[in-house]
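Novice: Sequence:
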Amino acid sequence: MHTNGDVSRAFDTLAKALNPGESTACQSSVEGMEGSVHLIAGDSSISYIEKEGPLLSDSHVAFRLTMPSPMPEYLNVHYIGESASRLLFLSMHWALSIPSFQALGQENSISLVKAYWNELFTLGLAQCWQVMNVAAILATFVNCLHSSLQQERRKLLMEHIFKLQEFCNSMVRLCIDGYEYAYLKAIVLFSPDHPGLENMGQIEKFQEKAYVEFQDYITKTYPDDTYRLSRLLLRLPALRLMNATITEELFFKGLIGNVRIDSVIPHILKMEPADYNSQIIGHSI
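Residues in the sequence shown are numbered consecutively from 1, following the working numbering.
Each hint should be verified, as a subset may be incorrect.
To be verified - Simulated pairs of lysine-lysine, DSS-like, Cα-Cα distance not exceeding 27 angstroms:
no.: 1; residue 1: Lys205; residue 2: Lys114
no.: 2; residue 1: Lys253; residue 2: Lys163
no.: 3; residue 1: Lys205; residue 2: Lys163
no.: 4; residue 1: Lys114; residue 2: Lys209
no.: 5; residue 1: Lys220; residue 2: Lys205
no.: 6; residue 1: Lys253; residue 2: Lys270
no.: 7; residue 1: Lys253; residue 2: Lys114
no.: 8; residue 1: Lys155; residue 2: Lys220
no.: 9; residue 1: Lys114; residue 2: Lys270
no.: 10; residue 1: Lys270; residue 2: Lys205
no.: 11; residue 1: Lys220; residue 2: Lys209
The hints are simulated quantities; they were obtained by calculation from the structure and are not laboratory data. In this text the structure is predicted, and so the values were computed from the model without any measurement.
Sequences and hints are given; from them, build the entire structure.
Specialist: Right under this line is the structure:
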């Protein structure tokens, strides 16, 4: 079991992957969000939050990621860990920029991200496939698998790498745009399926709203692509097959050892948007 000091040091190590001293108006910040959130009475004694306006706005489409510089001639675990840290922080703060997510309260928000960070991270890998050069990262993982690893462990790691590669390749082939990625992430984020979540009825309502907006967007943007919505939604079950522990081992162990990402998540979510945005500079994906 890790102490609070271990977790704090792990958070500091991940945070150092961000660019200190450089600033930008990150388009996924919580400033300038459209709409407002109100409590309304449900059919029972439970009160639900009703979001005026859309769940997602245009500001949630840009997903800005900058890779560490300079890029080494040969990829190494430290560079990969820094790149993964930036994607993790960006994904968490993208979630924080959604007013409906904030309206759930800190405890519920932390629980949701702990439950689904791996799926959000994997969607981010697919979205940032070219910028991160994910194909090269996965090839590096394969080349660096130590022969000293037990055969069963090597098999598990290889299977995970191939699942990641197949998922990302399938997403790239679908030519998914920024709006579609935003809605896919929202559907994953507002999933009421994880055991132990509180206020599941409210979370489900937000997920339903994301589905409706997603369907409306695709109908208007791709009127001739009848099955596009189905094809995109059918990619989501593959995310559940990605083992979070193996994701941690591949992408983050080189930076933070055996500290679990879900223990670091509360620290990330408690960062002030200004603190985060002042350390990140990126280009729209």
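Novice: Mind listing which of the numbered hints don't hold for this structure, in increasing order?
Specialist: Violated hints (numbers, rising): 3, 8; every other hint is consistent with the structure.
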